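Visitor: Heads up: the sequence lines are chains Y and U, in that order.
In this text, residue positions in the first sequence follow the working numbering: the first is 1, and each later residue adds one.
In this text, residue positions in the second sequence follow the working numbering: the first is 1, and each later residue adds one.
No lab work stands behind these hints: they were computed from the structure.
Predicted, not measured: the structure shown is a model, and the values here were computed from it.
Ideal placement from N, C-alpha and C gives every residue a C-beta, glycine not left out.
You can trust all of the hints, since none of them are fake.
Within a straight-line C-alpha distance of at most 27 Å, the following computed BS3-like cross-link-like pairs (lysine-lysine) qualify:
#1 Y:LYS8 to U:LYS184
#2 Y:LYS33 to Y:LYS8
#3 U:LYS128 to Y:LYS33
#4 Y:LYS8 to U:LYS149
#5 U:LYS191 to U:LYS70
#6 Y:LYS29 to U:LYS128
#7 Y:LYS8 to U:LYS128
#8 U:LYS128 to Y:LYS145
#9 Y:LYS29 to U:LYS184
#10 U:LYS191 to Y:LYS20
#11 U:LYS184 to Y:LYS33
#12 Y:LYS70 to U:LYS128
#13 U:LYS308 to U:LYS405
#14 U:LYS184 to Y:LYS70
#15 U:LYS184 to Y:LYS20
#16 U:LYS128 to Y:LYS20
#17 U:LYS149 to Y:LYS20
Computed list of chain Y residues with no C-beta within reach of chain U, every gap over 12 Å:
#18 HIS75
#19 GLY102
#20 VAL147
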Amino acid sequence: MLSAEEQKEIEAELPHYPTKQAVSIDAMKIVQKHRGWVSDEALQDIAEFLGMSTSDLDGVASFYNLIFRKPVGRHVAYICDSVSCWIMGSQGVTERMTAHCGSALGEITGDGRFTLLPIVCLGACDHAPVMMVDDDLHLDVTPEKAVEILGRYE
Amino acid sequence: METPLTQNISPGQAPPGLQAYERAGGYQALRKVLTSMTPQQVIDEVKASNLKGRGGAGFPTGVKWGFMPKDIPAPRYVVANADEMEPGTFKDRYLMEGDPHQLIEGMMIASYAMQADIAYVFLRGEYKRSAEAISRAIAEAYGAGYLGKNILGSNYQLNMYLHLSAGRYMCGEETGLLNALEGKRANPRAKPPFPPVSGLWGRPTTVNNVETLCNVPHIVNRGASWFQGLSRSSKDGGTKLYGASGKVRRPGLWELPMGTTVREILEEHAGGMREGVRFRGLLPGGASTDFLVEEHLDLPMDFNELQKVGSRMGTGTMIILDDQTCPVGMLWNLEHFFAQESCGWCTPCWSGLSWAEKILAAMEQGRGQQGDIEKLAFQTKFLAPGNTFCALAPGAAEPLQSGLKYFRDDFERHIREKRCPWR
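Take the sequences, apply the hints, and build the full model.
Guide: Next up, the structure:
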C-alpha cells in the first residue's frame, strides 16, 4: 500500500502532465525517498495507482540509474567514474573507499551505513575527482579525503 | 569584452532572486516581445543572430524554431534540455545554479515565439542545487505574473514545470528525452516525424539546450548584429562557455568570444599543463568528440573550423590528455561509458560498443592480440552515422577513430608488450 503521504506527493505531480504514466519516474522517486528503494510490492502498488502494468513500470524502473530495485544502505555514496575524474585519479578513490568499507561497489556495508556506487559524470569536472553522498556534492576528492567525508554520515 | 551569459553570476554565492535579476535588466526582453514583437519577428531576430545550438550539434536555433507548425493548436511544448550528462561537461550547471531566471526568461521568449503553452525544464536528477535554483525561480516568476494566464496583460498564457529525471545519458538525446518525459524508457524515436510535427504526446515540441536558451533574452534586448559582433567566428554568433578539465594548472569555465582559439583557452585561461606533465591531445567538447593534437591548437573553437579537421566543438568543454595518462586506458573509460549508457534499442550500438569496450579492456590488461586494432577500426565504421538509430554510437566512435589515428603507436605497444606501459 502506498502511504497517504506518498499518494499525496504523487498526486501533486499529476497536473503537470496530460497522462498518468508521465508521473511514473516521479512516483518511483517519491516512494524511494520514503523507503530507500522500490520493492516488487511497491512497484505493483505504483503501477496500479498509475493504471500501468507492473512489467511496463519495471521496464522504466530498470532503465534509470537512480531508481533502486534492491535495498541500499542508509546513505548512497556515488563515485564519478567518467573520463575527467578517471584522469584525475578516481580509481584510487574507489579502491580506497571499497577497502575502507569492506564492501564492493553495489553492496551494502556490514553496518548498513553505505552503498557505494559508480556514477556517470557529475558535471563538476574542473574539481575532479568528485563524489556525491546522498544529495551532497564533494569536490577535489582524494582517497584520504573520501574516507574522512564518509565519516560525516551516520 | 562583454560576457552577457555570466554577468550576473558570482561563483560561491546564491544566485540573483527575482528582484536582483530585474534590477540587472531581467525580464525586459520578455516585456519587449510580449508588448512589441510578433512571434515571427522573434524567430527572425534569432535567425539573424546566427545563434547555434549549444548542446553540441550546432543547429541554427532560429531555423529550428521555424519548424514549429503555425496552424496546429495547443497544447504545444518547449523543453529546456538540462540533462547535462556528456562526460567532461559542466557548463549548464553553472548557468542554472548561477542565474536561473536567465534560463527561465529565455524559455518564456522561446515559448512565445513558437506559441507554446507549456514549457518543461528537463533536469538530470543528480543536479540538486540546480533543481533548487530552478524551482525557486519558477515559483517567483509565477508570483510576479511572468507565468500563468494573461502574462503582462498580453493574453499570452504559459505554464512551466520542472521535471527531475532519474539518470541516463540517453535522456539528453532529443527524442529519448521526449520518451523520458512521457514516463517511458528513454529509447530514441524514428525521425521523421521530427518533434516539431510530432513531439511530446504527439504534439508540436521543440527542445533546446540550456546555454542556447540563456542567450535568447540578450539577443532580444541588444539585437542580432550586436550578438554577431560578440563573436570572433565568421559563421557563428555570440559568446561561448568554454571549459577545461584534466591535468591543467587552472581547470575551469570561461565565457569567451565564440571562435577563441584552442591554444588561448588551454594556455591562457587554463594556465597550460601542470608541472611535470606534457600535453598529448584533447577532446574539444565532451566525450563524443574527436581528439585534437598539437597541430590543431591554433584553430578557433567554433562549429565550422573544427569540422574541417575531422572533429567538432561539441559542448565546448575540453578534456585534456597528458603524457602520464594512458590513451588506451582513457578510451577504455570512454567506451565503457558509452557501452553502459547505450539503451539497447538498436543492435549495432549495444553489440558494437560492448565489443569495442572488451577489446580495449583486453589491451589494458595485457591480453591484446594482433588484429585488435583493425577490429576497433572496423567498429568505428560499423557505428558511423546512418547505421544506428541515434547519435550515441557515432558519438562513441569519434574519440575512438581519432585515438587510433593519433595514438596508434601506443595501441601497438600494448599488444606487443602484452601490458599497459603506464601501469
